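Asker: Chains as they are written, first to last, in my numbering: chain A, 73 to 353; chain B, 73 to 353; chain C, 73 to 353; chain D, 73 to 353; chain E, 73 to 353.
Keep in mind the hints are simulated off the structure, nothing from the lab.
Computed from a prediction, not measured in an experiment: that's the story for all the values here.
Check before you lean on any hint, since a few could be wrong.
For identical chains, the list gives no copy identity; a pair is met inside one copy or between any two copies.
Subject to a maximum C-alpha distance of 20 Å in a straight line, what follows is the list of computed DMTMM-like cross-link-like pairs (lysine to aspartate or glutamate) [stated by the list, open to error]:
{"hint": "1", "residue 1": "Lys-243", "residue 2": "Asp-164"}
{"hint": "2", "residue 1": "Lys-292", "residue 2": "Asp-106"}
{"hint": "3", "residue 1": "Lys-341", "residue 2": "Asp-91"}
{"hint": "4", "residue 1": "Lys-341", "residue 2": "Glu-174"}
{"hint": "5", "residue 1": "Lys-125", "residue 2": "Asp-141"}
{"hint": "6", "residue 1": "Lys-243", "residue 2": "Glu-279"}
{"hint": "7", "residue 1": "Lys-292", "residue 2": "Asp-305"}
{"hint": "8", "residue 1": "Lys-341", "residue 2": "Asp-305"}
{"hint": "9", "residue 1": "Lys-93", "residue 2": "Asp-295"}
{"hint": "10", "residue 1": "Lys-237", "residue 2": "Asp-106"}
{"hint": "11", "residue 1": "Lys-243", "residue 2": "Asp-106"}
{"hint": "12", "residue 1": "Lys-341", "residue 2": "Asp-246"}
{"hint": "13", "residue 1": "Lys-79", "residue 2": "Asp-141"}
{"hint": "14", "residue 1": "Lys-79", "residue 2": "Asp-294"}
{"hint": "15", "residue 1": "Lys-276", "residue 2": "Asp-106"}
{"hint": "16", "residue 1": "Lys-79", "residue 2": "Asp-185"}
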Amino acid sequence: MSVISGKTVRLNRLFNPSDGKAVCVAADHGWMSDPTPNVTNLRHILDEVIEGKPDGILVSYGTARRMSDLFTGKGRPALIIRADWMNMPRLDQPGGVLPVSEFKKKATSCATDALHVGASAITIYYFVGYSAEFEALNIEQDAVFAQECRRIGLPVIIEPMVVGKQISGEKTADALIAAARIAVELGADALKIPYTGDVISFHKLVEAAGVPVLVLGGAKFDDPADALRLVADALKAGARGTVFGRNVTMAADPRRMVEDIGALVHGGKSVAEIMAAGKGR
Amino acid sequence: MSVISGKTVRLNRLFNPSDGKAVCVAADHGWMSDPTPNVTNLRHILDEVIEGKPDGILVSYGTARRMSDLFTGKGRPALIIRADWMNMPRLDQPGGVLPVSEFKKKATSCATDALHVGASAITIYYFVGYSAEFEALNIEQDAVFAQECRRIGLPVIIEPMVVGKQISGEKTADALIAAARIAVELGADALKIPYTGDVISFHKLVEAAGVPVLVLGGAKFDDPADALRLVADALKAGARGTVFGRNVTMAADPRRMVEDIGALVHGGKSVAEIMAAGKGR
Amino acid sequence: MSVISGKTVRLNRLFNPSDGKAVCVAADHGWMSDPTPNVTNLRHILDEVIEGKPDGILVSYGTARRMSDLFTGKGRPALIIRADWMNMPRLDQPGGVLPVSEFKKKATSCATDALHVGASAITIYYFVGYSAEFEALNIEQDAVFAQECRRIGLPVIIEPMVVGKQISGEKTADALIAAARIAVELGADALKIPYTGDVISFHKLVEAAGVPVLVLGGAKFDDPADALRLVADALKAGARGTVFGRNVTMAADPRRMVEDIGALVHGGKSVAEIMAAGKGR
Amino acid sequence: MSVISGKTVRLNRLFNPSDGKAVCVAADHGWMSDPTPNVTNLRHILDEVIEGKPDGILVSYGTARRMSDLFTGKGRPALIIRADWMNMPRLDQPGGVLPVSEFKKKATSCATDALHVGASAITIYYFVGYSAEFEALNIEQDAVFAQECRRIGLPVIIEPMVVGKQISGEKTADALIAAARIAVELGADALKIPYTGDVISFHKLVEAAGVPVLVLGGAKFDDPADALRLVADALKAGARGTVFGRNVTMAADPRRMVEDIGALVHGGKSVAEIMAAGKGR
Amino acid sequence: MSVISGKTVRLNRLFNPSDGKAVCVAADHGWMSDPTPNVTNLRHILDEVIEGKPDGILVSYGTARRMSDLFTGKGRPALIIRADWMNMPRLDQPGGVLPVSEFKKKATSCATDALHVGASAITIYYFVGYSAEFEALNIEQDAVFAQECRRIGLPVIIEPMVVGKQISGEKTADALIAAARIAVELGADALKIPYTGDVISFHKLVEAAGVPVLVLGGAKFDDPADALRLVADALKAGARGTVFGRNVTMAADPRRMVEDIGALVHGGKSVAEIMAAGKGR
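Produce the complete structure using the sequences and hints provided.
Answerer: Put into structure tokens, the structure is as follows:
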């Protein structure tokens, strides 16, 4: 059936067909947060990122249009479009540039538009823990996107996130596993998800999911080696790759960070080997 | 009229044409509840379930896509798609993995998509007793699905459920009978419904419904014989079969549980005969 | 214009072309109320009703589909579909089977579906007196149905009902007259409406309406003669017929009740003549 | 462009092409108010009105359908359809027939349906002063109608009305001028608007509007000469005609009232001349 | 791809292809504010404005239709349509003509209609700082417009505005920069935005935006030289032109004001040169 094949064709542009894994970079922060340097200087940073040969880059529709040359040509990274705007990074930050006091999310980019600008996938959030009402809104928006994506053969990557006071501490890992499952039942073709904190629980998450799992990096580590160790652990747990944002775009050397992650994901290197090699550069 | 024939063709894939009865298994828990073992280990369990020769299996759209091979080929069970997501098992469970404090339900899977992946029917909830507002939302969602299903010839199985403080105790049986009727007036082609507790009231429900009634199992019985006795009583009352979930997927031997239910529903065996035969295995 | 002719063709299936009058039976209670005997035993009752030669029968979409044979063939009654579900009979009935504490109404049956199953008209409520918000919702739902019906040539029968504390006592007749007019301005092809209580005010209502008015029966009379007297008075006031529910479906002899109403509406008999003839049976 | 020409053709059916002016009669009260005599006796009154040769008559969709013969044939008045239902005349009238305590408005008649029954224009309200929320709802409904009308070439006449406590007294004239402008920016082809009370301010309104302005009459004057004086003043201020309701439909002689207004609008007569001529009748 | 080329063709009608800059005039105040003289006398003022040879004029849909001759013919300014109505200038102005106490905004003009009347772009607001709810509504409306514009090749100019108590003082510049970025990620083809107050911060805004930035003028300066100095500073910071409203339409000599801005934007003149030349006139 053509819908299935469209998804297969596009998933194989994103995941390397030889090992089924993918190194992706998230560069959609400018849509949700204050204009930090990695946002306002995005083109320059993406130029460096692309030299590191990532498999995919996640951007907003606006950026995809303005920087479409970055995704054009053989060997260029696959384009992933962020489907939804939200204001979580601005929530309850009274000293921030654009403070807000209520969590809001809108599914603004239509999947067909993403397809038209050459996307290989879209990514959409699934927030749990803020309120039953907000979670249900997420479910509805994700379902509508998943339905549209089925019809046009575009893979949908759901990103489960735990927010708010209702879930915290050691329950977070179990909550992520449950949210991962719900996202997959909804029809996710792959997941972008935070690391649970240890190999055993992340392995449970990968097993429960049953679709390719890409681990995200979250806040920037002070030491890049810590970021690489997270990747190594996630891979050991069964992850099929990464969607790292600030740990790449705010890195001292974005190209090298992508190369190092690639050495872990595709090259089978250990963190120790990579760190040793790095010293010699 | 072609709409009618599409429904007839598909109902005859689900209900055995020789006796008009069906043994179905519900495996959609992963969408609504914590990731219990019967959820995270679903493929392995369904492999065993299918060896028991069920007539149909109820799953979410995501599972239907990921495990479509289970439904492909002669003699394989009919595929039933769960049309709606809800959070009832997580409601008011402060110790649970993803606790919520408000009952929410979204009709997320479109009927046409269900048809495209080969479904023979969809199942959708109809909750009464929580609030007038929530019931009306159910009615609206079910009506929209029923309308779409009419146009594409897909049977719609409505699942009336009583929740909340407004209805309890001995009034539950009468409430289920009333809800069954309302569901049928709305256009249900069949019902999935809890057992009322006794043969007399369930017989009244079957008579009032006027469409095929499939009894569900609910929470897992400690003794499988109790589950079989419920089936036997429901059949005596006029039920046309079962849609059992946890009593099958959490059973020590899911294959045998399906076979035993099949011996009751299609084979005309008594519970005593089945239990006696079981001892000899 | 074809839209007009579709309506004309169908109105002439419902109203007897020779005298422009119609005897209809409402059998849609199972959608809104507890499952009383006239609901759960509906097929048997309708078999008797049809022997009385009614011009039309009002049922839900679900019943129309399940009992479509009743409406198939020459001389069979015209099918009228109830367009909207509501919970008024269950409102503020704490001892009832499915009690609710808020008035809800959903326009669930689409007019095109009604046309597809052979309907000659649809009927939809217009509630005034509960709240401004609720009345406006009724107006909107009725307008959407009226628009759809215009396009497909299906007559729409609006049923104005006065509920709640805002209107009561002697003001009810005036309120029904006002609501009748508003319904007609909205585009009703005919009205189904309660009797105002006396010939003079009902005559004012008929004159103000300007479209055919069918009187409804409401709660069951203890003495069938009282029901017939209501019909006779309504006819004297200018009504074009009846849509009686419980007074027919809960009658000791539904066939005879329909025949007696027919003798009044089409036969020009008096209540006295009918009662005298009845004694001789 | 064809959309423009459709509007031009229809505006020239409503406004007399020789002088660009129009005498219209509003007969849509039955949709919003208690059934006063001018409502329940509408056909008889409109027969008389039409003898007075008005250029257009404003009615609801229901009336347009039931009395379509009034608008059929050479020399008959242009049909104007009221697009929206509202309950203002019933608001805060505890002694009224259908009292309501909240202001509600629904845009119920679709413009395409109006076109299909032969309308030359639609009229829709724009209420300011009740609440920001209610005004915004008006803007949205008017915009949707204006968009539909553009596509089908049907002129849209917006009717700005000031209600509620926020605007009163001498500020009303300025508020009407501002509302007129907003309506025109929204895309009104003409305005139906209350008289501001004096020639100078109404002249400012006409100048600010920049589209044809039709003055409405409001509550019935005790002396018809007062109604005519209002027309004369409005014409002096630049009005292009009238849309009078109760002052015509509740007049002792509706035909003469239309003729007298026509003598002012099209005939260039003075009120004194008309009153003198009237004495001789 | 044709969608891109439609946008390119139209952007080159608005921005002078030789220097990529544009002098635009905003004349959409009549839709949102009291009818000040620059509103009620708009045609006369626009006649003068056009003599000054602006590149584009921003008006409501209603004005675009009534004054379409102004935009017809070689050398005439490009037409920009205001997509949304709002009531901010009337907010919390108890002495105003149409005071409101709640901020409301509706996206009323459809992009396809704008295209049909010959628009080269649409402009839509993006308000931040009033409430999270209101900002999210803006995001949704802007996204829907951006999607429609993509399909029809019409450029969308987003206008970020900071309102309300949450953001003030020196934080305003940073807030505008952040809002500019969010608007661009959403898919804006250009921005219309207030001046941040100094060249350094406006330069940061221009750099962060990455799409052409047009500075707006805001409230009227007492001294036209101050308006010109704002333009000169914005150009120094990298602005690609202006969208000035009241500083042009309320100017003593609108033609000269447009010419003076043009001398800055396209002519490379300094404010001093222009003021000196002006004295000689």
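Asker: State for each hint whether it applies.
Answerer: Hint check results:
no. : hint              : in the structure
1   : Lys-243 - Asp-164 : between (23 Å within a copy, 16 Å between copies)
2   : Lys-292 - Asp-106 : within (16 Å within a copy, 31 Å between copies)
3   : Lys-341 - Asp-91  : within (14 Å within a copy, 52 Å between copies)
4   : Lys-341 - Glu-174 : neither (44 Å within a copy, 48 Å between copies)
5   : Lys-125 - Asp-141 : within (15 Å within a copy, 36 Å between copies)
6   : Lys-243 - Glu-279 : within (18 Å within a copy, 43 Å between copies)
7   : Lys-292 - Asp-305 : within (17 Å within a copy, 37 Å between copies)
8   : Lys-341 - Asp-305 : within (13 Å within a copy, 54 Å between copies)
9   : Lys-93 - Asp-295  : neither (25 Å within a copy, 46 Å between copies)
10  : Lys-237 - Asp-106 : between (24 Å within a copy, 19 Å between copies)
11  : Lys-243 - Asp-106 : between (30 Å within a copy, 12 Å between copies)
12  : Lys-341 - Asp-246 : neither (30 Å within a copy, 43 Å between copies)
13  : Lys-79 - Asp-141  : between (23 Å within a copy, 17 Å between copies)
14  : Lys-79 - Asp-294  : neither (38 Å within a copy, 44 Å between copies)
15  : Lys-276 - Asp-106 : between (35 Å within a copy, 13 Å between copies)
16  : Lys-79 - Asp-185  : both (16 Å within a copy, 15 Å between copies)
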